[in-house]
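The numbering of the sequence shown is our numbering, which starts it at 1 and goes up by one.
None of these hints come from the bench; they were simulated from the model. Positions of the beta carbon are idealized from the N, C-alpha and C atoms, including for glycine. Treat the hints with caution; some may be incorrect.
[What the hints assert, rightly or not] Label-pair restraints from in silico Cβ distances:
| no. | residue 1 | residue 2 | range |
| --- | --- | --- | --- |
| 1 | Gly158 | Pro279 | 38 to 46 Å |
| 2 | His11 | Ala41 | 41 to 49 Å |
| 3 | Asn224 | Gly152 | 14 to 22 Å |
| 4 | His274 | Ser143 | 34 to 42 Å |
| 5 | Ala83 | Ile326 | 31 to 39 Å |
| 6 | Asp222 | His274 | 32 to 40 Å |
| 7 | Gly158 | Pro303 | 18 to 26 Å |
| 8 | Ile10 | Gln281 | 36 to 44 Å |
| 9 | Leu192 | Pro374 | 19 to 27 Å |
| 10 | His11 | Arg367 | 44 to 52 Å |
| 11 | Ile10 | Glu167 | 32 to 40 Å |
| 12 | Asp66 | Asn224 | 36 to 44 Å |
[Stated by the list, open to error] In the DMTMM-like style, the derived pairs of lysine to aspartate or glutamate whose C-alpha atoms are separated by at most 20 Å in a straight line are:
| no. | residue 1 | residue 2 |
| --- | --- | --- |
| 13 | Lys129 | Asp174 |
| 14 | Lys175 | Glu81 |
| 15 | Lys175 | Glu96 |
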Amino acid sequence: MITSFDDYCIHQTHEPVCLPSQSDRNFYDRYWFNGFDAGGAFMFEVGFGLYPNRRVMDGHFSVVIDGVQHSFHGSRRAPYERAHTVVGPFSVEVVEPLRRVRVRLLPNETGIECDLLFEARSVPTEEPKNIMYDDGRLIMHNSRFTQFGSWGGHFTIGGRRHEVRRETSFGARDKSWGVRPVGEPEGGAPGLLNGEPGVYWVWSPIDFGDVCTQFNTFEDRDGNPTQLAACIQPTYASPGLVPAEEKGARHMHTARHRVHWQQGTRRSRSAEFHFVEQPGQEITITVEPLLAFQMKGIGYSHPQWGHGFWKGEEAIAGESWRLDEIDPLEYSHIHVHQLVRARMGEREGVGTLETICFGRHAPSGFRSFFDGAP
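Can you make the complete structure from the sequences, with help from the hints?
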């Protein structure tokens with residue numbers, strides 16, 4: 001099957017571009033974005049994924065405003081053409097690679113719409129590979145980059161239009177691809193579950209204006225990092241000023257963190273990050289949440305609209321919920337992003353704190369799979 005991308009010199013295997021390099025059912029290619037008003041008035045996120053071996057493409061747009069989270073979900077049979085990133089009324093368009101990306105949700109039955117343009121403020125930063133095994137089988141192996149930016153445009157909820165102004169609306173995006181668990185579970189013999197189940201992940205991109213910081217870590221049940229990275233890099237006033245290669249990035253020698261959890265929950269009330277550029281040189285970042293965004297709004301752990309599930313040739317749906325009425329320890333609510341105010345020395349910034357913790361985690365005081373903080 002020959003498609004338009006085959007006309008470019010981008011092939012990585014002997015196959016046409018639309019054929020993945022492997023037959024793993026969970027091979028994927030995915031966009032994620034978030035945006036927020038720096039004063040905390042709103043926060044929105046976008047998820048858009050292609051799962052070619054499952055023959056599914058899906059997209060999500062979700063907004064938190066006035067204490068309510070509103071979500072659009074869409075799914076379709078995956079097209080062969082890689083440039084056709086459209087699910088019903090929803091689309092993601094790469095206007096200028098690594099510089100500008102447009103997200104649009106046309107008028108539809110859910111009453112949720114948007115027309116938003118992401119413009120880069122930093123060079124994309126490649127993160128360490130995510131690798132995970134289950135009973136000897138590789139179930140996660142992917143690449144990802146993160147990039148900071150600003151947003152302009154608008155979104156509409158139930159007929160009420162909200163302007164998104166570039167001077168006060170910032171955020172980040174990532175692009176990831178590879179293999180990870182998605183969609184309907186496979187049949188056959190289950191794994192033996194010899195290891196202790198659970199996951200602990202903390203990820204935090206912060207924009208301080210002239211510089212931005214990034215931190216990410218996986219930890220085991222006793223708090224030992226299995227993946228760890230941190231960096232500081234410059235930002236730029238417009239996409240045209242962002243260089244092709246960042247030579248000013250400062251990758252940390254090591255880093256550590258501490259999350260202070262809200263009692264009875266698995267979401268933060270504050271957090272600290274300590275970046276060690278070299279022995280004896282430490283930079284401290286503190287963050288405090290302004291509002292919370294439930295990740296199920298863009299498909300993560302969603303009981304009906306999880307990533308990569310077959311929903312038919314084309315389907316869309318919308319939903320809303322009050323954030324003060326949800327159970328924070330219910331499975332689909334534990335994965336959360338928080339809009340945070342940050343401080344690094346004399347600098348003040350704003351960004352995102354992502355936490356997901358299932359199972360025991362000794363440093364946090366979690367003893368079972370779903371208990372809250374003591």
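Tested hints:
no.	hint	verdict
1	Gly158 - Pro279: 38 to 46 Å	violated, 55 Å
2	His11 - Ala41: 41 to 49 Å	holds, 45 Å
3	Asn224 - Gly152: 14 to 22 Å	violated, 43 Å
4	His274 - Ser143: 34 to 42 Å	violated, 27 Å
5	Ala83 - Ile326: 31 to 39 Å	holds, 38 Å
6	Asp222 - His274: 32 to 40 Å	violated, 19 Å
7	Gly158 - Pro303: 18 to 26 Å	holds, 24 Å
8	Ile10 - Gln281: 36 to 44 Å	holds, 41 Å
9	Leu192 - Pro374: 19 to 27 Å	violated, 32 Å
10	His11 - Arg367: 44 to 52 Å	holds, 51 Å
11	Ile10 - Glu167: 32 to 40 Å	holds, 36 Å
12	Asp66 - Asn224: 36 to 44 Å	holds, 41 Å
13	Lys129 - Asp174	holds, 13 Å
14	Lys175 - Glu81	holds, 18 Å
15	Lys175 - Glu96	holds, 15 Å
The structure fails to meet hints 1, 3, 4, 6, 9 from the earlier list, while all remaining hints are met.
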